[in-house]
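Take the given structure of chain A and dock chain B to it, following the hints.
Protein chains: 2
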Amino acid sequence: MAEIKRAELSTVFSTPWFRITKKNYEIDKEPFYVLDTTDAVCIITTTSKQQILLVRQYRPAVDCETLELPSGHVQDNETPEETAKRELLEETGYKADSIELLGNIFPNTTRLGYKLWCFFAPKAIKVKEPEPDEINNLVFCNPSNLSSFIKNGKIKNALDIAAIFLAMQNDKIRTRASS
Amino acid sequence: MAEIKRAELSTVFSTPWFRITKKNYEIDKEPFYVLDTTDAVCIITTTSKQQILLVRQYRPAVDCETLELPSGHVQDNETPEETAKRELLEETGYKADSIELLGNIFPNTTRLGYKLWCFFAPKAIKVKEPEPDEINNLVFCNPSNLSSFIKNGKIKNALDIAAIFLAMQNDKIRTRASS
Chain A
1 MAEIKRAELS TVFSTPWFRI TKKNYEIDKE PFYVLDTTDA VCIITTTSKQ QILLVRQYRP
61 AVDCETLELP SGHVQDNETP EETAKRELLE ETGYKADSIE LLGNIFPNTT RLGYKLWCFF
121 APKAIKVKEP EPDEINNLVF CNPSNLSSFI KNGKIKNALD IAAIFLAMQN DKIRTRASS
Chain B
1 MAEIKRAELS TVFSTPWFRI TKKNYEIDKE PFYVLDTTDA VCIITTTSKQ QILLVRQYRP
61 AVDCETLELP SGHVQDNETP EETAKRELLE ETGYKADSIE LLGNIFPNTT RLGYKLWCFF
121 APKAIKVKEP EPDEINNLVF CNPSNLSSFI KNGKIKNALD IAAIFLAMQN DKIRTRASS
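Chains as they are written, first to last, in the numbering used here: chain A, 1 to 179; chain B, 1 to 179.
Chain A with its partners taken away, still in its complex shape (with noise of 0.2 Å):
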């Protein structure tokens, strides 16, 4: 692999969510312009009953209602892992036991400077309502379904489609990648 470029940074914009770091690798040429922001995790919950937990929500990025796998960003002194049973529990009142990575991979190489981590999180059981303000609507759906979700579009965010092909890899959920 190339070494790490060096570059001088600075940071030209920011919101209390994200800030735009622009960087200049040589004097003369271009500088680059990244989102940077604490990193992501999204969950693969199974329920006993082997349901796969989604969230139903309104995105302003896409103005549109989504179907989505929980998640949410790594806050001030959590591990990836802790965010993941934090986003868990708030978006949809469960939590699981055991917790397994299943990979950290990049939600964007053109323009995030952040990782995603996928996390697996089966058996979880239901212990309080999730919080009002951050779900709308909890759905279940069973593993072999998730595939026509994502060919008819009700599943059209790439991370979750990415994590999805994770978790089947891994052996932790079976649904038909090919039709």
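Just so you know, the hints here were simulated from the structure itself, not pulled from any lab data. Since we're looking at a predicted model, the values are computed, not measured. Please note: incorrect hints may appear among the correct ones.
[Unchecked claim] Pairs of lysine-lysine, DSS-like flavour, derived with a Cα cap of 27 Å:
{"hint": "1", "chain 1": "B", "residue 1": "K22", "chain 2": "A", "residue 2": "K115"}
{"hint": "2", "chain 1": "A", "residue 1": "K172", "chain 2": "B", "residue 2": "K154"}
{"hint": "3", "chain 1": "B", "residue 1": "K154", "chain 2": "B", "residue 2": "K123"}
{"hint": "4", "chain 1": "A", "residue 1": "K85", "chain 2": "A", "residue 2": "K22"}
{"hint": "5", "chain 1": "B", "residue 1": "K115", "chain 2": "A", "residue 2": "K154"}
{"hint": "6", "chain 1": "B", "residue 1": "K115", "chain 2": "A", "residue 2": "K22"}
Same frame as chain A, now just chain B:
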């Protein structure tokens, strides 16, 4: 599906490659910030020898070298299919007679406002050298090895993994999603 919510939009930061749009849904609530640009495409290409074309390149956003599908953003007056053909030719020097849409998905429903169009380009043939400033290394990969490339972290862009899932789902390539 929920209706589109009305927001007051303003561009609060911009570069030649993207802009940050501020969305105000309600006066007394926190605004939402989204990275907007033209739609993106990525292309799964097979050669006459049934090999997949990958490109090795240094990615400033994640400060490392990656192995990825050819990809890019739609330019003025292009359709996503035209972008896919142009990017394939520029990055690899290959051309396919026909190109097929596998699906369009969202690259990131949390923060990115554009779509990702995933294409399949079978039986591509080499018609010229890849452009030197576009690509460092062209890599040929057996479809059956894509899964191990993902497992061992050689392919680590979530968008590519999602596109590979769509290609498998559409019976265009065969790789092992379960180990």
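Comparing the hints with the structure gives:
For the given pair, K22/B sits about 24 Å from K115/A by alpha-carbon distance, which is consistent with the 27 Å threshold. The suggested pairing of K172/A with K154/B holds, with an alpha-carbon distance near 21 Å, which does not exceed 27 Å. A threshold of 27 Å between alpha carbons decides the hint, and for K154/B with K123/B the separation of about 24 Å falls inside it, so the pair holds. For the hint linking K85/A to K22/A, the alpha-carbon distance of about 33 Å lies beyond 27 Å, and the restraint is violated.
Our distance criterion of 27 Å between C-alpha atoms is met by K115/B and K154/A, whose separation comes to about 15 Å. Among the hinted pairs, K115/B with K22/A is consistent with the structure: their alpha-carbon atoms are about 24 Å apart, no more than 27 Å.
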